[in-house]
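Undergrad: Each chain, letter by letter, is given below.
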Amino acid sequence: MRHKKKQNRMHRPKTMAQEADRHELYQKAVQSPDADVEFFTERFEQLRNRPALRLREDFCGTALLATTWVKSDPERTAVGVDLDGATLGWGRQRNIEPFQEELGERLELIEGDVREADAAPADITCAMNFSYCVFTTRDALRSYFEAARRGLRSDGIFIAELYGGTEAIDILEEERELDDFTYVWDQERYNPLDHSTTCHIHFDFDDGSRIEKAFTYEWRLWTIPELRELLLEAGFADVRVFWEEVEADEDDDEDDEDAMMSGTGEYVEVTELDENQESWLVYLVALA
Amino acid sequence: MAAADAGTFRARMSRAESTLRRTMASQADRHALYEQAVQDPERDVRFFSRVYRRLRGRDALRLREDFCGTAALCHAWAQSMPERTAVGIDLCQETMDWGTRRWIEPAGEEVASRIALVHGDVREARGPKADLACGLNFSYNCFKTRAELREYFEAARAGLDKDGLFFIDLLGGMESMIEGVTDNDQGDFIYRWEQARFNARTHELLCYIHFVFPDGSEIRRAYTYDWRLWTAPELRGLLLEAGFSKVHFYWEKTDREGDGTGVFYEPSFVENQEIWWTYMAAEA
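Those sequence lines, one after another, are chains A and B. The letter at position 247 of the first sequence is residue 246 when you use numbering that gives the first Met the number 0, and the numbering goes up by one with no holes. The letter at position 158 of the second sequence is residue 157 when you use numbering that gives the first Met the number 0, and the numbering goes up by one with no holes.
Treat the hints as calculated values from the structure; they're not laboratory data. Keep in mind that the hints are not guaranteed to be accurate.
Stated by the list, open to error - Ranges of calculated distance between the beta carbons of each label pair, as one might list FRET restraints:
(1) G259(B) - K212(A): 31 to 39 Å
(2) R29(B) - E176(A): 49 to 57 Å
(3) K212(A) - D258(B): 31 to 39 Å
Keep in mind it's a predicted model, so treat the numbers as computed, not measured. We put the CB at the ideal spot given by N, CA and C, even for glycine.
One chain only, chain B, in its complex shape:
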């Protein structure tokens, strides 16, 4: 009885508190936090544009963003040149609606008219062929078998123009295959990346993103990822099996302090690191 009473009291107290002062977590928007902590769409646009121009001798105009989420990249792409168009594809309508309100509507009719968002499976979506397609933030890791991932890569290639390019990013390094938590201080919140479970037998990796605020409140498991962590040679092999003619690895140059410079080169060998992420590009 006493214990139950104490519990009820605590519940009443926290309800009372919440009417007095809302926590930072309860006022935050997980998509906005995600974009701030994880994405850098302008940088992606610059990098993709540069690589495309170098390999194809002209500007890429039409982008397809698979697993587009809030479509921040589609927006940055359409903003970068008036001739550019973008289509974003995602399974989650709610996230795309958020992106429409956040990015596309405020950009004005001229920009908005050059962006289309499609609710659907990246393996099935159809539309005009793109110069450049991408599957970023490691989202393709949701495909856990070779057959499924190959099918996605085949679809990505089928949706490309004959001289199109397909970009993915990948995660690796010693610490990509262990369990652990990494905090990244964003100033007004902490972005917390948790690798909750890694299964060396299957390379399945279960991850969460949590957001932690200065008042101690949290958005726990704001995002959950149930992945197979594909490795660089596996991705390369599957891209070639899916019909891509050539696969490039890009690696970021670092300065004397070991910080990224934003300049990428194509190595055939790199030394492994505790954690790294990089881009691959496949030529249709």
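Isolated chain A, as found in the complex:
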């Protein structure tokens, strides 16, 4: 009897969650590699008066950004570094092999620790999606920043992404609907005593199924001044801060204080980030 039941269950059609691929959903929901490449290209030109050719993507995951970088210019090369061999394998299969001819030998993936991986020096090294927040002590984070600096050319730049604002230090769940699924950002825990935070990404589907905790992060949520201090201690010469300009959503009344603000994709340098917003995203750009 038992055996039979099990078989029946196996023949049941799969839910949308079961058929979905979490890496693919992540790339769609979270990443915007074209915008990143554009931002990196413009920043480097502006700061260094020459084109950036080589990118190092730390915590690269599926290496979507590194791949996009290499595709953007035939002279460009990239290296991606990540601890997770399975995720790198997914990226190799899905992001790299289909474009093998175009990419040639210009893209290298290293399975290893971002603090130790050895690769040819880069013009730009980036740490996106807040991944460096896995380093929870000043010493650990400084040693990562030192390694990032060692891995750069003499006029290289290091770019790290950070989120913050009053909602970043609260418990909350935020949904964003995409074409065929809903992305859920879940800040489950935040401890103001040590700034540790536990966050999850869930994916919800139209048939009611869900990929619960598709990704889980145990981070220390660093602040801008803390990162700036550590980057300077790690030997960087200067740190600039850029943040995304926001505008009120078209549907909302602009005079309404509660109007939802959306990012415009345009980044401006900030010296005074007056008036903390509920939620903001910045790039810290450190000059070697």
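Keeping the supplied structure of chain A fixed, place chain B upon it in accordance with the hints.
TA: Just chain B now, kept in the frame of chain A:
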């Protein structure tokens, strides 16, 4: 011409009015209002004494109050036990003079002889080593770089006995990092806390205390604070770098209504709140 005349007329009127009836603001004393609205020195003395006794197994006798202002805490400390002595340090002589007139002289020679007020920088002051030192009302936030704040913490430790304790209070929560105004009704006046500017890039926070009176008069910007709002893990890290051996966080227990009970415990995790303030203690 007409506008100028109107202006002159208004000026003359307000001068005339002021001779007839002085506003409540003009008769108030900002230090007295501050003490009433912000400070609770007896509570601080009780809390510090209890923690010291628990950690050290004896009574703390000698207190150093950094950024002492009117030295209300020094006074409460000296009053709490006849063996206790206190030294207060502040950059502002005028405020300490006010405190001397308000607290120390009226307390009588016996108590006054156990309190010393020093005009100087908290990073430089010297004197006999204290059992207990404190930097309250978030005043250390005037040090905006790690090097400056570490230097202050090192000085605080250097001024402590080998088993001394150093207390600070800290401010945090979601609303500590936004601009806004909070009113607190004190009965005969309103204590108004204004966070005029917060810079997320530097964590610089510009704040004012205003006092507002029932007759509509105000003491605007009675106090101005140009701070870096240091966070709990930063303070903990800097205290350890400055040589303190152990850092404790205390958190006030709340009752069913969410009001403070005056009882503190040591949590390793708390849920963030809109606004909170609490104590840290560092062991020399």
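Undergrad: A separate judgement is required for each hint: does it hold in the structure or not?
TA: Comparing the hints with the structure gives:
no.	hint	in the structure
1	G259(B) - K212(A): 31 to 39 Å	36 Å, holds
2	R29(B) - E176(A): 49 to 57 Å	54 Å, holds
3	K212(A) - D258(B): 31 to 39 Å	37 Å, holds
This entry satisfies every hint, going by the numbered hints stated previously.
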